[in-house]
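Novice: Sequence:
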Amino acid sequence: MFNLLPTRGATKVLPELLLMLVLGSILLVSGCGNSTTETTATTSEVTDTDFEATDWSEETHSKSADPNFDEVFDDTQVKRFDFVITAERWQSMLDDMSATYGEFGQPSGSPALIDTDEDPVFVPAEVFYNGTRWYRVGIRFKGNSSLQSSWQAGILKLAFKMDFDEYEDDYPQIDNQRFYGFKKFSLKNNYDDESFMREKVSADVFKNAGIAISHTAFYTLYVDHGNGPEYFGLYTLVEEVDNTVIDTQFSSDNGNLYKPEDGSANFVEGTFDSADFTKKTNEVDEDWSDIIALFDALHDSTRITDPAIWRANLEDVFDVDGFLKYLAVNGIIQNWDTYGRMPHNYYLYNNPDNGKLTWIPWDNNEALQDGKLGGSLALNFSDLTSSQWPLIAKIYADDVYRAQYNIYLSEVISNAFESSSIQATYDYYSTLIAPYATAELSGYSFLENDSDFYNAVNTLKSHATSRATAVSTYLNNQ
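Residue numbering for the sequence shown is 1 to 478, as defined by the working numbering.
One or more of the hints may lead you astray.
Calculated pairs, EDC-like style, for lysine to aspartate or glutamate (alpha carbon to alpha carbon, straight line, at most 20 angstroms) [said to hold, decoys possible]: (1) 394 x 306; (2) 394 x 300; (3) 259 x 300; (4) 394 x 269; (5) 207 x 337; (6) 279 x 321; (7) 142 x 192.
Simulated from the structure, these hints should not be mistaken for lab results.
Only a predicted model underlies this, so the values are computations on that prediction, with no experimental measurement involved.
Generate the whole structure from the sequences, applying the supplied hints.
Specialist: Put into structure tokens, the structure is as follows:
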């Protein structure tokens, strides 16, 4: 029953009778039905605590289980999540969105992004996967401009954040609940990506180039908020950096992890503000000395008077080699919505092995195209506003670093983003996801018709060829 596909143009996915009966009985027995005694996001008292976590197992739910990447991030199939949410809690999520962004389906009348520091509200929901249940999982909508744009356009295919023990204080039965060893995920809605593949393929390329990056996988999502499961569309599940990425791709997760955003996140001299470098680990330790050290080393006058000393001091606090490799990949895949155009969409992790801040890419749904707001940066950064983006400008201006960047460009275009190989990847993934992408429903899709999907795939394949040409032209001019 979990392979049921909807038909484009329908207003609701009609669930199979058995699924309806199973989910309905679960709602009644567990207290997750539509009773007005249920807690909502706006109340503090929880009244649905009388349940037994009968599906709980060490492998599937326990914190002691190692993350099962093969199970969760399987590139060979499209898997399925079902969210079951009470009508009251669902309505509280919608009301919260309306309070922030206005009435659903109504543009704000201004092109400017509504500025808010508040995340959308969390609510408890039941999550089902392969016939197994996870209990009172915290879910909320997520996103920034993509969230506002989708909401105001009247598209209910919104991105979600999932946290499996968000409500463990309210429900002792789910203490340290995990999903095959994972605490939380982002479930991204592939906003503004008619191919559905940009987030997935970009992450694959970064990973294949040897850069720390979140794992990703394709999932369909069905949401039952009182009227049976509705098909919300094809999503991309993304591993959270502040959970298993730093725990499994570094020696430990004890280092400082930062999520830079806005303001001094562009590293302009004299602008450092700790508020722009949100800590995701060690939050109670109000110490940003590692970030300050990077500012100081980057802008030190030895860059001009003694470049060798400047490089040594910079490399003491920053993984410059990793950043150069990141720049090579990011330039080839043309990701504009990040550092160099926008002061966001990256993490910095102080690697416990060497004490160096390491660059970790994030949020790549806008990659693999020239892009907006001036477009992706040229491979030689000739269109970079150097005064606004000194971390790129000063590093690329150094002869030694530029030579290493050129080596990485050559390596990436010959391996991780080799044209024929990446086009084969597009063919493989597009065949895998086409039945689910083209079955998305009106009001739950960014596609207007099936042709949008296939045209977007062809555009990606052409882009791969064009990037090989661009790299060749750049290197020949060095």
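Novice: Hint numbers the structure violates, sorted upward?
Specialist: 3 and 6
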